[in-house]
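Go ahead and model the full structure; you've got the sequences and the hints to work with.
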Amino acid sequence: MKGMGNILISKHLLFFSPLVILPVLLSVVSMEAFSQTTGEELWTGAGIRYDVNKNFRLDLEQECRWKDHIGTFKFTYTEVGIRWRISKIFSLRGKYRYLFVPNDHDAGKYYLDGNVDLSKKRFPLSLSYRLRYERGNEFVVSKTENWLRNQIELNWNMSKVADPFLGWENFRRLDGINQARANRYSFGIDWRLSKILSLSSFYIFEDEFNVKKPQDRHIIGLRLTYRFRNKEMVQE
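So the sequence shown is numbered by this note's numbering: it starts at 1 and just counts up by one.
Hints are computed from structural coordinates only; laboratory data are not their basis.
Treat the hints with care, as some may be off.
Taking lysine-lysine pairs in the DSS-like style, the calculated list, with each CA pair at most 30 Å apart, reads [unchecked claim]:
(1) Lys-74 with Lys-120
(2) Lys-143 with Lys-74
(3) Lys-121 with Lys-160
(4) Lys-231 with Lys-120
(5) Lys-213 with Lys-74
(6) Lys-95 with Lys-120
(7) Lys-54 with Lys-120
(8) Lys-67 with Lys-212
(9) Lys-67 with Lys-120
(10) Lys-143 with Lys-212
The calculated label-pair distances, taken between Cβ atoms and stated as ranges, are [what the hints assert, rightly or not]:
(11) Leu-118 with Ile-177: 28 to 36 Å
(12) Lys-121 with Phe-90: 16 to 24 Å
(13) Val-140 with Lys-120: 44 to 52 Å
(14) Val-211 with Ser-159: 39 to 47 Å
(15) Lys-213 with Ile-48: 31 to 39 Å
(16) Thr-78 with Lys-143: 15 to 23 Å
(17) Val-211 with Asn-157: 37 to 45 Å
(18) His-105 with Val-161: 38 to 46 Å
(19) Lys-213 with Lys-121: 43 to 51 Å
(20) Val-52 with Ser-159: 37 to 45 Å
(21) Lys-120 with Leu-166: 17 to 25 Å
Glycine included, every Cβ here is placed at the ideal spot set by N, Cα and C.
Spelled out as structure tokens, the structure:
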């Protein structure tokens with residue numbers, strides 16, 4: 001039994017190693033490739049998703065972000081969350097994100113998501129909507145911001161390997177202001193590398209407005225996800 005346990009642990013570590021190494025390698029390559037592009041940012045991350053049962057899922061994610069033509073390290077964050085699937089269509093998700101910001105104050109963010117997923121068997125297109133409440137706290141200076149975010153995403157189940165997607169998201173500042181501040185337009189491809197490993201590659205254009213110095217952002221992102229389930233779910 002101990003031998004089998006060691007084999008399973010070794011197998012999981014084998015799959016988890018690329019989860020950490022690949023984003024770092026892709027970061028170096030992307031920094032070189034896009035260093036001459038104005039307004040570029042790079043997001044690279046790796047995450048773990050654990051399906052406790054059919055209704056609950058635990059998430060853990062680590063991400064690094066670069067700014068200023070992808071030449072300056074912006075911050076890294078660690079995020080933990082839990083998702084509750086109420087039905088085939090509706091789900092709720094709560095998560096907490098801790099941001100480590102170099103040469104500045106660290107920050108924490110709380111998120112509460114309400115999700116609607118619409119799909120039909122044997123039909124390749126699916127539609128999802130997410131309503132997100134975000135509360136951010138900048139430590140030391142005790143600065144707090146509250147946001148409401150609306151996101152719509154269209155997914156195409158193109159093949160067993162790759163699924164393209166298109167998305168739009170609106171950011172609305174609360175705190176008595178109640179004003180839209182930015183729109184995000186995104187497209188990308190979700191890649192299934194194996195039964196437990198997937199890679200999401202995407203591009204985001206963010207259009208900021210209703211602020212003193214609006215700034216547009218061009219974001220390239222890569223995220224690896226390692227997903228596994230409770231043994232009882234697999235046996236079912």
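Each hint tested on the structure:
For the hint linking Lys-74 to Lys-120, the alpha-carbon distance of about 40 Å lies beyond 30 Å, and the restraint is violated. A hinted pair counts as satisfied when its Cα atoms are at most 30 Å apart, and Lys-143 with Lys-74 qualifies at roughly 19 Å. Annotation: proposed proximity of Lys-121 to Lys-160 holds, straight-line Cα distance about 15 Å (limit 30 Å). With a CA separation close to 28 Å, the supplied pair Lys-231 and Lys-120 stays within the 30 Å bound.
Note on Lys-213 and Lys-74: the hinted pairing holds, with a Cα-Cα distance of about 19 Å set against a maximum of 30 Å. Between Lys-95 and Lys-120 the CA atoms are separated by roughly 29 Å; this keeps the pair inside 30 Å, and the hint holds. For a cut-off of 30 Å, the pair hint linking Lys-54 to Lys-120 stands: about 19 Å separates their Cα positions. Restraint check for Lys-67 and Lys-212: satisfied, since their Cα atoms lie roughly 20 Å apart, inside the 30 Å limit.
Our distance criterion of 30 Å between C-alpha atoms is broken by Lys-67 and Lys-120, whose separation comes to about 40 Å. The hinted pair formed by Lys-143 and Lys-212 meets the criterion: a straight-line CA distance of about 19 Å does not exceed 30 Å. In this structure the hint that Leu-118 and Ile-177 lie 28 to 36 Å apart at CB holds, the actual value being about 32 Å. At roughly 18 Å, the beta carbons of Lys-121 and Phe-90 sit within the given window of 16 to 24 Å.
Judged by the Cβ atoms, the range 44 to 52 Å given for Val-140 and Lys-120 holds: they are separated by roughly 50 Å. Taking 39 to 47 Å as the suggested C-beta distance range, the pair Val-211 and Ser-159 conforms, at roughly 41 Å. At roughly 38 Å, the beta-carbon separation of Lys-213 and Ile-48 lies within the given 31 to 39 Å, and the hint holds. In this structure the hint that Thr-78 and Lys-143 lie 15 to 23 Å apart at CB holds, the actual value being about 20 Å.
Remark: the range hint 37 to 45 Å for Val-211 to Asn-157 is upheld by a beta-carbon distance near 38 Å. Distance hint for His-105 and Val-161: a CB-CB separation of about 43 Å, consistent with the stated range 38 to 46 Å. A hinted range of 43 to 51 Å for the beta carbons of Lys-213 and Lys-121 is consistent with their spacing of about 49 Å. Hint check: Val-52 to Ser-159, Cβ distance near 29 Å, so the stated range 37 to 45 Å is violated.
For the hinted restraint 17 to 25 Å between Lys-120 and Leu-166, the CB-CB distance of approximately 18 Å keeps it satisfied.
In the structure shown, a violation is registered for the earlier hints numbered 1, 9, 20, in ascending order.
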